[in-house]
Amino acid sequence: MRICTKESVLHQQSKEITDKNVASMCKDLLIDEFNSHNGRVQGIAAIQIKLHYAAILVRYKKGREPQVLFNPKLIKSYGSWKKLEACLSEPNKYYMVSRPLLAKVSYMDSDLVEHTKWLTYKKARIFMHELDHVNGLMLKDKNVMGVKL
Numbered sequence: 031m032r033i034c035t036k037e038s039v040l041h042q043q044s045k046e047i048t049d050k051n052v053a054s055m056c057k058d059l060l061i062d063e064f065n066s067h068n069g070r071v072q073g074i075a076a077i078q079i080k081l082h083y084a085a086i087l088v089r090y091k092k093g094r095e096p097q098v099l100f101n102p103k104l105i106k107s108y109g110s111w112k113k114l115e116a117c118l119s120e121p122n123k124y125y126m127v128s129r130p131l132l133a134k135v136s137y138m139d140s141d142l143v144e145h146t147k148w149l150t151y152k153k154a155r156i157f158m159h160e161l162d163h164v165n166g167l168m169l170k171d172k173n174v175m176g177v178k179l
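If you read the sequence shown in my numbering, its first letter stands for residue 31, the second for the next number, and so on.
Derived by calculation from the structure, the hints in this document are not laboratory data. Mixed in with the good hints there might be a few duds.
Pairs of lysine to aspartate or glutamate, DMTMM-like flavour, derived with a Cα cap of 25 Å [as the list claims (entries may be wrong)]: (1) K152 with E63; (2) K147 with E115; (3) K103 with D141.
Could you put the whole structure together from the sequences, leaning on the hints where they help?
Laid out in structure tokens, this is it:
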């Protein structure tokens, strides 16, 4: 599979997942895509591989196994910090993006059981980046300072 760079696809809202078979298919395809990048990515959203489902893969720490999360949502956030971000869907471009310092999020696991967690700093940034994809947003839509390197 290849990462999609077409804005017309990436600007689409993803559909919630209510079927375990769909969740399993998304998980397998996201992990295959992650493995094709030799572990060099921190996250991938299903929409980036042309699956219009609310599924994200996140890997918060290098060397750790990635997690696939379904129907991710932001419940509450506090603070913000700006930092340059890059994205597989916009190769060789960096944007200055503001993200929360602390985020309360919910998501479902592979069995479609809901979980709620507080994420800080880097974990919140990675989760929110992928959540933006689920919501049809790209980095350039979030760019706060006109930075594009």
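A quick look at each hint next to the structure:
1. A hinted pair counts as satisfied when its Cα atoms are at most 25 Å apart, and K152 with E63 qualifies at roughly 22 Å.
2. For a cut-off of 25 Å, the pair hint linking K147 to E115 stands: about 23 Å separates their Cα positions.
3. Under the criterion of a C-alpha separation no larger than 25 Å, the hint pairing K103 with D141 is consistent with the structure, at around 17 Å.
Checked against the numbered hints given earlier, the structure satisfies every one of them.
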